[in-house]
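Participant: Next come the chains, spelled out residue by residue.
2 protein chains.
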Amino acid sequence: MKKTAVNLLATAAKITEHWSPRVVGEVDDSYVKIAKVKGEFTWHDHQEDEFFMVLEGQLTIHMEDHTVTINAGEFYVVPKGVMHNPVAQEECTVLLFEKKSTLHTGQVQADLTKSISDQLQPL
Amino acid sequence: MKKTAVNLLATAAKITEHWSPRVVGEVDDSYVKIAKVKGEFTWHDHQEDEFFMVLEGQLTIHMEDHTVTINAGEFYVVPKGVMHNPVAQEECTVLLFEKKSTLHTGQVQADLTKSISDQLQPL
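Here the protein sequences line up with chains Z and V, keeping their order.
Take any residue in the first sequence, note its place counting from 1, add 241, and you have its number in the working numbering.
Take any residue in the second sequence, note its place counting from 1, add 241, and you have its number in the working numbering.
What the hints contain is simulated information worked out from the structure, not anything from laboratory work.
C-beta: ideal position from N, C-alpha, C; glycine also.
Among the hints, erroneous ones may be present.
[Unchecked claim] Calculated Cβ distances over 12 angstroms to all of chain Z for the following chain V residues: (1) 242; (2) 243; (3) 245; (4) 288; (5) 294; (6) 312; (7) 328; (8) 330; (9) 347; (10) 353.
[Stated by the list, open to error] Listed next, the stretches of chain V that the computed footprint assigns to chain Z, with coverage defined by at least 3 CB atoms under 8 angstroms from CB atoms of chain Z: (11) 248-256; (12) 297-311; (13) 354-364.
Just chain Z, same shape as in the assembly (with noise of 0.2 angstroms):
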């Protein structure tokens, strides 16, 4: 068991890749993630909710019928199945909350695609 709180900028500063998240905690069979993002990801979709809030920066979910705008402070779940396209036009942090089980960018495999082993190496 861990003895202390994780702080989560501290910690994100120590990411040096854009769309890489790391794990940071777990919950149950969920995990705690953070991530820096800038630019265009990928369309996907998972067969988990995915829960996205930005600690700092603006982040924006394009979906197929609507446009999600994340600022800091907030956050937004994507439904499982819903396909969907994360954008930031400047470096975002993001904390995801997660399915041990969710696929990073789900059944695409794509240049951007971290495995979970991945996500699992210590900051």
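Model the placement of chain V on the given structure of chain Z, informed by the hints.
Facilitator: Quick look at chain V alone, frame taken from chain Z:
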């Protein structure tokens, strides 16, 4: 499906009672909750892990063998089965991530206990 992001602090500003978590989102079989807390809660444990992130203020979580202080922008996960008692000297706003099955005060029935239906009241 919601069409906009949720601002956590703006939503928390509608909460008028301490230690009364309110559900603001769901992610598969978990709830996203926010709570305003002040003073001492009560010793209890859960059958599930419990994620605490402080949005404003400072939360101290006493456990049997150690104590963790969580400042704004930090999180801590209390593992399942670990007795804990949260305390906030000043008012503090907290984001919680918990399984839908998680009972507010575990098996303890306290004056402060809120049912899941209490927690599901819309803000």
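Participant: Hint by hint, note whether the structure agrees.
Facilitator: Against the structure, the hints:
For residue 242 of chain V, the requirement that its beta carbon stay farther than 12 angstroms from each beta carbon of chain Z is not met, with the minimum near 6 angstroms. In this structure residue 243 of chain V is not separated from chain Z by more than 12 angstroms, as the shortest Cβ-Cβ distance comes to only about 7 angstroms. Annotated as non-interface, residue 245 of chain V brings its C-beta within 12 angstroms of a C-beta of chain Z; the closest such distance is 6 angstroms. At roughly 10 angstroms, the least C-beta separation between residue 288 of chain V and chain Z is not larger than 12 angstroms, which violates its mark as non-interface.
Taking the minimum C-beta to C-beta distance to chain Z, about 8 angstroms, the non-interface status of residue 294 of chain V is violated against the 12 angstroms cut. Annotated as non-interface, residue 312 of chain V brings its C-beta within 12 angstroms of a C-beta of chain Z; the closest such distance is 7 angstroms. Distance check for residue 328 of chain V against chain Z: the nearest CB is about 14 angstroms away, which clears 12 angstroms, and the non-interface claim stands. Remark: the non-interface label on residue 330 of chain V is consistent with the geometry, its nearest Cβ contact in chain Z lying 16 angstroms away (cut-off 12 angstroms).
Here residue 347 of chain V stays apart from chain Z, with its beta-carbon at least about 15 angstroms from theirs, past the 12 angstroms limit. No beta-carbon of chain Z is positioned within 12 angstroms of the beta-carbon of residue 353 of chain V; the least distance is around 23 angstroms. Requiring three or more residues with a Cβ within less than 8 angstroms of a Cβ of chain Z, the coverage given for the stretch 248-256 of chain V holds, as 3 such residues are present. Judged by the Cβ-Cβ criterion of 8 angstroms, the stretch 297-311 of chain V is covered by chain Z as claimed, because 4 of its residues qualify and three suffice.
Three residues within the 8 angstroms Cβ limit are the bar, and the stretch 354-364 of chain V against chain Z gives 0, so the coverage statement is violated.
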